[in-house]
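A.B. asks: These are the residues of each chain, in order.
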Amino acid sequence: MQEQKSLSEGIMLLKVWLRQRGLDQGYGAFSGYIMGMYVAYLLKRKKLNNAMSSYQVIRNTWNQLSREDWTQKGCTLCPKEIGPQVSDLHLFFDVVFMDVTGFVNICGNMSSEIFQQVRRESALAIKYLDDHGINSFSALFMTNLPFYRQFDHIVSFDAASVRKAEQQLGIPARLDASGPWFTHLGIVGVLRQALDARVHWMCPQLEAVGTWSPVDGPPNPSERPFVLGLALDPEHALALLTKGPAANLPEAKIFRDFWGERSELRRFQDGSVCEAVVWASAGGIAKRRLVCREIVSYAAQKHLGVDNLLYIADQLESVMQLGLGEDGALAVAKACDALGRQLMQLEGLPLDISSVQGAAPSLRYSDPFPPAPYMAFKSKDAFDTVAMKTSECKNKFISPIPVVLNLALSSKWPEDLEAVRRIKAAFYIKIGECLKQQLNIISQPFPTHINVLKDGFIFTLKVYHAREVSLLKETTTPQGLIRYRDTEESLSLEMQYVHLPKLTSALHGLHMSHPCMGPASCLAKRWVSSHLLLDDTLMPELCVELLMAHLFHSPAPYQPPIQPQTAFIRFLQLLARAPWTSEPIILNFREEITRQEIIEIENKFNSERSTLPPLFVVTPETRSGTVWTKHAPSSQVLYRLTQLAKASLQTLDKELLTNENFDYKLIFRTPMNIFDVVINLHNQLARKDESLDATHVDRPKTIPDQANRIPVVGLDYVQCFLKDLRESYSDYALFFCDQHGGCQIGVLFKPNVLKPQEFAVSHTNGHIPKPPKQMELSQDLFIEDVKILGEGIVKSITVKD
Amino acid sequence: MLMCLPQLTSAQFKTAKINLFLTNASMASSATQICGFLAIPVKYKESSGASHWLYCKEHSVRVKTTGKPVGRTLFVINVPAFFTEDCFQKLFGEFGTVSKVFFHKKPTASVPEEETSNFFKKSEPVKGYKVAYVVFEKSSSLEAVLKLKWKTPKVLFGKQDKAPPSAVQRWNAAYDEQITAVADLQADIDDFMRKFDEKAKEEADNLKQSEGQADEDGWFTVTKKVRKPGLARKESVEQRVLQKESKKKAKKELLNFYTFQIRESKMNHLAELRHKFEEDKKRIAQLRQSRRFRPF
Numbered sequence: 001m002q003e004q005k006s007l008s009e010g011i012m013l014l015k016v017w018l019r020q021r022g023l024d025q026g027y028g029a030f031s032g033y034i035m036g037m038y039v040a041y042l043l044k045r046k047k048l049n050n051a052m053s054s055y056q057v058i059r060n061t062w063n064q065l066s067r068e069d070w071t072q073k074g075c076t077l078c079p080k081e082i083g084p085q086v087s088d089l090h091l092f093f094d095v096v097f098m099d100v101t102g103f104v105n106i107c108g109n110m111s112s113e114i115f116q117q118v119r120r121e122s123a124l125a126i127k128y129l130d131d132h133g134i135n136s137f138s139a140l141f142m143t144n145l146p147f148y149r150q151f152d153h154i155v156s157f158d159a160a161s162v163r164k165a166e167q168q169l170g171i172p173a174r175l176d177a178s179g180p181w182f183t184h185l186g187i188v189g190v191l192r193q194a195l196d197a198r199v200h201w202m203c204p205q206l207e208a209v210g211t212w213s214p215v216d217g218p219p220n221p222s223e224r225p226f227v228l229g230l231a232l233d234p235e236h237a238l239a240l241l242t243k244g245p246a247a248n249l250p251e252a253k254i255f256r257d258f259w260g261e262r263s264e265l266r267r268f269q270d271g272s273v274c275e276a277v278v279w280a281s282a283g284g285i286a287k288r289r290l291v292c293r294e295i296v297s298y299a300a301q302k303h304l305g306v307d308n309l310l311y312i313a314d315q316l317e318s319v320m321q322l323g324l325g326e327d328g329a330l331a332v333a334k335a336c337d338a339l340g341r342q343l344m345q346l347e348g349l350p351l352d353i354s355s356v357q358g359a360a361p362s363l364r365y366s367d368p369f370p371p372a373p374y375m376a377f378k379s380k381d382a383f384d385t386v387a388m389k390t391s392e393c394k395n396k397f398i399s400p401i402p403v404v405l406n407l408a409l410s411s412k413w414p415e416d417l418e419a420v421r422r423i424k425a426a427f428y429i430k431i432g433e434c435l436k437q438q439l440n441i442i443s444q445p446f447p448t449h450i451n452v453l454k455d456g457f458i459f460t461l462k463v464y465h466a467r468e469v470s471l472l473k474e475t476t477t478p479q480g481l482i483r484y485r486d487t488e489e490s491l492s493l494e495m496q497y498v499h500l501p502k503l504t505s506a507l508h509g510l511h512m513s514h515p516c517m518g519p520a521s522c523l524a525k526r527w528v529s530s531h532l533l534l535d536d537t538l539m540p541e542l543c544v545e546l547l548m549a550h551l552f553h554s555p556a557p558y559q560p561p562i563q564p565q566t567a568f569i570r571f572l573q574l575l576a577r578a579p580w581t582s583e584p585i586i587l588n589f590r591e592e593i594t595r596q597e598i599i600e601i602e603n604k605f606n607s608e609r610s611t612l613p614p615l616f617v618v619t620p621e622t623r624s625g626t627v628w629t630k631h632a633p634s635s636q637v638l639y640r641l642t643q644l645a646k647a648s649l650q651t652l653d654k655e656l657l658t659n660e661n662f663d664y665k666l667i668f669r670t671p672m673n674i675f676d677v678v679i680n681l682h683n684q685l686a687r688k689d690e691s692l693d694a695t696h697v698d699r700p701k702t703i704p705d706q707a708n709r710i711p712v713v714g715l716d717y718v719q720c721f722l723k724d725l726r727e728s729y730s731d732y733a734l735f736f737c738d739q740h741g742g743c744q745i746g747v748l749f750k751p752n753v754l755k756p757q758e759f760a761v762s763h764t765n766g767h768i769p770k771p772p773k774q775m776e777l778s779q780d781l782f783i784e785d786v787k788i789l790g791e792g793i794v795k796s797i798t799v800k801d
Numbered sequence: 001m002l003m004c005l006p007q008l009t010s011a012q013f014k015t016a017k018i019n020l021f022l023t024n025a026s027m028a029s030s031a032t033q034i035c036g037f038l039a040i041p042v043k044y045k046e047s048s049g050a051s052h053w054l055y056c057k058e059h060s061v062r063v064k065t066t067g068k069p070v071g072r073t074l075f076v077i078n079v080p081a082f083f084t085e086d087c088f089q090k091l092f093g094e095f096g097t098v099s100k101v102f103f104h105k106k107p108t109a110s111v112p113e114e115e116t117s118n119f120f121k122k123s124e125p126v127k128g129y130k131v132a133y134v135v136f137e138k139s140s141s142l143e144a145v146l147k148l149k150w151k152t153p154k155v156l157f158g159k160q161d162k163a164p165p166s167a168v169q170r171w172n173a174a175y176d177e178q179i180t181a182v183a184d185l186q187a188d189i190d191d192f193m194r195k196f197d198e199k200a201k202e203e204a205d206n207l208k209q210s211e212g213q214a215d216e217d218g219w220f221t222v223t224k225k226v227r228k229p230g231l232a233r234k235e236s237v238e239q240r241v242l243q244k245e246s247k248k249k250a251k252k253e254l255l256n257f258y259t260f261q262i263r264e265s266k267m268n269h270l271a272e273l274r275h276k277f278e279e280d281k282k283r284i285a286q287l288r289q290s291r292r293f294r295p296f
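Protein sequences, first through last, are from chains A and B. Once you know that position 763 of the first sequence is 763 in my numbering, the rest is easy, because the numbers rise by one and skip nothing. Once you know that position 217 of the second sequence is 217 in my numbering, the rest is easy, because the numbers rise by one and skip nothing.
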């Protein structure tokens, strides 16, 4: 075997594959030795031969491994029928693989969970090899899969709990077991019975035993915690009720014994009367994800006598109070649908409204703070405009929900941009009138849009007219020839009115098939935002969402997650890996891009890498790959994100499984000492309810419907201030701020701008003269400008020396 | 000076010019001059820590416009965001009346279009640092401004002046400005559309009148209204026509008639194959480098 290079290479690859999945080290692991023996076994059985390439070796090994089940039918390397029968050994061992003597079971201490995990991974590996959309080499061999990122939920029993469970289960001490191995089996057995179909699989954590000094003796395995990962089954895991057998069957007794007083008889809709356990009363979907936690803690208490479990599932979400986001988004979507239907049925409009498409992040379930239905604003006195002015009302920040209206086709539109703008405005006025007359919905028309109040939400409706885009593109050559060229305005119009609604519906669809994508995006956005990078000029929120969608669309080497926290951790891993430098990110929704086209895109990407934006995202609608990422993020911002993600992951690696009192907000705190200047703002002006340390405020539940005014919408002073700062200084400095209630703005000067420069008419902004021929950007003047631009909002300014 | 010009040789003329320039420079030597610009320090408030510097110079361009008359217009760059027309009035008021100020983001020779509607602006307001063209009523004011030494910074908003709006007030005002009474908006739209329709009708009438009549050179104008409107003057249409033409041409040509043609086509084919092979090799190298794992 040694002489065969391809064989030894194949074994090496297989060992790397095992190591990346953390399956080959620790007590009861599927070690590299077993893998080597298995390849020898396959060689003997003529499943492999010496002429095979290393690729064929690993492929065939995986293929065989995924088909065999050593827990039912073990295999042996022993050529003759000496020693005990393999079938007899199954009575004593979980997994059977006899060595060449026929007397030693080299898998003797392996639990069936570990073996099944290896089998599943082999089957997955074959799938990746066959799937051309996946870069299988990196997924199989290059990516490390730490234990806690592979599972949705993680249960950790500390050493004391394991001892308690040992007593409760009545497991006698045995000679051959290293540590509380049989107790572990018992715990797994109880949890398996409790969770049943809710988990796809569960797998204990294997931990390599390190070196120890000869004086102290080896570390005692019974001092270590027992950690179990659960991969949830999306179909069953969220059920609020565990249905047992019919009451008159003998199995009902077992069920009753297992669940104790929680078990009750229930009549179901199909008329059957069954034993059942109800876990939680109706709650949001965020609560339903935690039914498994309730089940595990109940079963652990009843059958194992353990009541202090470390259950890792939703710590990040609960810290960030995201549960509100999901239900809030649902309410927004419902109101938007209702408004859409009403708009399409309006009568008396010059042109019918043919479709209504939402474009807000809350309609993609990815707004960490979706707009809440606000308290009704009502004026008794007469008023000029339905919309309130800033002097009339001082409400909290309310974000409007953008909606795009498409009208029925008509040939009567004027061929002039100015006239089109007027016609659209006239249309808004007409919509406002019809809404008031026919449905008693109040609204305020503006020259560019109309704000409509529906169910306490404020929708900003805009009409899309396709001819407008081509009018913007149209130029006439001196010869009188009409040509169409993309301009900045036409591209941004197209993005807002065409691509954004389409992407919104595509992401909404993806969220529907993976219901944890929305909350995971919220977490990711909150994380990016608290590191001061979520901004249209730095890291646009859509880019975060697209990266998250990529994670769900091509989850290799993982399975799509069920728990947002797991998805978020994998998102950090994606950022840390930074795959965008070497490959395009292709979001092939509904498999609309053919394989041939993908190859073309990849070729284009490889040949034109330097001219393309740092982040290159392709969706079926935007195949050029530059629509969303043309202006931002820059490679510097992406690099910073990568660094931050690495640091966050390191912290999680270290703390998540071991530290019960870990402060999860830690990974959301950003260092402010990197900035040249820090501007401190009066925090009552920021959106402080959304800040990291805000205490949770109850949102108003009831909406009085006699509102007759629309409050101030979308006026965020911090964003106004940032915009003004960027208008003045974007050539020389970058500005960073947490859009969710951040009250500090970090300023970073671009390199070399503070040095004296040659006088040039185009670059004098903010410079003081240094006669005879030079000028200089003055930090004092910059601070003076900050004070002037932010008078009334700036509290203090700190300059790094 | 002008009178004695014909007697000077060209070299002498150059020195004369340089002398003139030198006297100008030495005249203002005590003022801060930088590359031909006069630097004027300005303070926002008495308490301000640092002062802004305006760089100005007489406006001179080849393209002359009546809006920015040469000799009366001061070209100012590095104008801070808070500067308004009133600020210039305050700054230069003592030298004479400022009749108009134009703001632009970049130096521009033309005058911005006049706004006709309160609701539909033709151009966005200029924000951030900007350039300004200050038009004085008299040319003497401009000269006086450029002659002054501008040593101490002028305070724009002193104690006795009305305080400028704070940032929050500015943002509030900008927000409130968008909110308009529906009737006003409708009236503005109706007014514009009436004018627009009138103009469109007038144009259509003009076209109709000129139809079928030769102009002074004897050309007829073909309009869309006639029975055969002809081809649209679009780029795509022209390309299609050209493509058709080249196809027709290619059909007529015999490519394998002469021996040299056959030989050449064979050679080209070979070169193309080689080129493709090289490309593929490059591609495979690239794949290998990025560790793509697709054996077949």
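Please note that a few of the clues may not be correct.
[Said to hold, decoys possible] Taking lysine-lysine and the DSSO-like style, the derived pairs with C-alpha atoms no more than 30 Å apart in a straight line are: (1) A:Lys-5 - A:Lys-46; (2) B:Lys-100 - A:Lys-723; (3) B:Lys-122 - A:Lys-412; (4) B:Lys-64 - B:Lys-100; (5) B:Lys-154 - A:Lys-787; (6) B:Lys-105 - A:Lys-750.
Treat the hints as calculated values from the structure; they're not laboratory data. The structure displayed is predicted, hence computed values, not measured ones.
A.B. asks: Any of the earlier hints contradicted here, and which numbers?
C.D. replies: Per hint list: zero violations.
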